[in-house]
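Peer 1: Residues per chain are reported as follows:
There are 2 protein chains.
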Amino acid sequence: MSVRVLTIKEDLLGANDEIAKTNQELMDKHQILLINIMSSPGAGKTSLIMQTINRFKEKIRIAVIEGDIASTIDADKISEQDIPVIQINTAGGCHLDANMVKNGLDNLALEQIDLVLVENVGNLVCPAEFALGAHKTVMLLSVPEGDDKPYKYPLMFTEADVVLVNKIDVLPYFDFNVDTFSKAVSGLNPSTRIFPVSTKTGEGLEAWFSWLEDAIK
Amino acid sequence: MSVRVLTIKEDLLGANDEIAKTNQELMDKHQILLINIMSSPGAGKTSLIMQTINRFKEKIRIAVIEGDIASTIDADKISEQDIPVIQINTAGGCHLDANMVKNGLDNLALEQIDLVLVENVGNLVCPAEFALGAHKTVMLLSVPEGDDKPYKYPLMFTEADVVLVNKIDVLPYFDFNVDTFSKAVSGLNPSTRIFPVSTKTGEGLEAWFSWLEDAIK
Chain A
1 MSVRVLTIKE DLLGANDEIA KTNQELMDKH QILLINIMSS PGAGKTSLIM
51 QTINRFKEKI RIAVIEGDIA STIDADKISE QDIPVIQINT AGGCHLDANM
101 VKNGLDNLAL EQIDLVLVEN VGNLVCPAEF ALGAHKTVML LSVPEGDDKP
151 YKYPLMFTEA DVVLVNKIDV LPYFDFNVDT FSKAVSGLNP STRIFPVSTK
201 TGEGLEAWFS WLEDAIK
Chain B
1 MSVRVLTIKE DLLGANDEIA KTNQELMDKH QILLINIMSS PGAGKTSLIM
51 QTINRFKEKI RIAVIEGDIA STIDADKISE QDIPVIQINT AGGCHLDANM
101 VKNGLDNLAL EQIDLVLVEN VGNLVCPAEF ALGAHKTVML LSVPEGDDKP
151 YKYPLMFTEA DVVLVNKIDV LPYFDFNVDT FSKAVSGLNP STRIFPVSTK
201 TGEGLEAWFS WLEDAIK
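The listed protein sequences correspond, in order, to chains A and B.
For reference, each letter of the first sequence is one residue, going 1 to 217 in my numbering.
For reference, each letter of the second sequence is one residue, going 1 to 217 in my numbering.
FYI, nobody ran anything at the bench for these hints, they're computed from the structure.
Some clues are possibly wrong.
Pairs count within a copy or across copies, as identical chains cannot be separated in the list.
List of simulated lysine-lysine pairs, DSS-like, C-alpha gap at most 30 Å [said to hold, decoys possible]:
# : residue 1 : residue 2
1 : K77       : K183
2 : K152      : K57
3 : K77       : K57
4 : K200      : K183
Next up, chain A with everything else stripped away, as it sits in the complex (with noise of 0.2 Å):
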């Protein structure tokens, strides 16, 4: 049976972009890299960043923005790490914006901060739309969700600097192709860079964190 196809369109984009140009200017003020974490709810970008300051907070002074509909879970996490951490609650909505991140900012001392680390709502949708400022835009893709989705959800690939293929440690039991994933990647975004990594046993996460250390620079 033949499948008919319905296009329906939607304007999700708002008038968010001055402020998301605003608080790059205010990053390169303060020489802050400012990065956007994005990828669906469980992917591991919590995980990620908690691996991240393990590793760098000797060196690189680390400030979290954590994007949440509901809850300080994840920024309850972070902050035993002893490092700033602002908790945004979206109150339902489905992705953080310029101006909420403009908030986070000013509740920084962005004078002792090297680097900024914004985990956004989990949602491979719609946090892709919306410019916060970042200087850098990463996502995780994790082995469970299945190497299809960069068909079905393209924009957030095509956006990122930085693709995490993360949970590598249950590729076993999944059917997760890694080159097939990324090709489709590449295919959309040829320039991005693709890492796969298990933010649970450290696989993989030297190719991450060599990123990132070019990036500070």
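Position chain B relative to chain A; hints supplied.
Peer 2: Frame of chain A, contents of chain B only:
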């Protein structure tokens, strides 16, 4: 270090309810059960629909409305089962709305259908905010996503008539406690039914099939 909480409200609700009501009236007129299936990307919606079609297609006349941001991958899979499939591409939109479903229903031969399964866009946030006119709301949360998700993404759990805990075949490889998860869901939504399943191996699906048979009656 203490966590500061900034709460930023955002109005995401549209004037969608009137069309949803009309959709449900249309379904009632034709004695069709309309089910809205929601989850994050890759949690197993299509796989659940395929298993459900395989089980019931000799007894019940099923149609599927496939919501996707892009591609017809899922609709193509389902159309191989020789049942009517309508693909709705939201062109970037992060959820289906009642009007999109109305357009889908207008393209189905309703007098020849008993059950319409709507596969919403993969997203744990936005789809729960838009009524489609469904009689029942079903969500999947897969084991790799983590057992803390009811606290972080409460709305969908609050609205679901059924919560399927999918991918229980990989429970040994993840820190996921089904009891902890079920208590959290029941706390948000005491009347919801929770079925641990694997849409890959078929484990646990009898409870879902039995619930669906009762709902169709």
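Peer 1: Classify it for me, K200 with K183: is the Cα-Cα distance of at most 30 Å met within a copy, between copies, both or neither?
Peer 2: both (25 Å within a copy, 26 Å between copies)
Peer 1: When no copy is specified for K77 and K57, does a C-alpha distance of 30 Å or less occur within a copy, between copies, both, or neither?
Peer 2: within (15 Å within a copy, 48 Å between copies)
Peer 1: Is the C-alpha distance from K77 to K183 at most 30 Å within one copy, between copies, in both cases, or in neither?
Peer 2: between (35 Å within a copy, 22 Å between copies)
Peer 1: How do K152 and K57 come out at 30 Å by Cα distance, when the copy is not named: within, between, both, or neither?
Peer 2: Result: close only across copies, 27 Å inter versus 37 Å intra.
Of the numbered hints given earlier, the model fails none.
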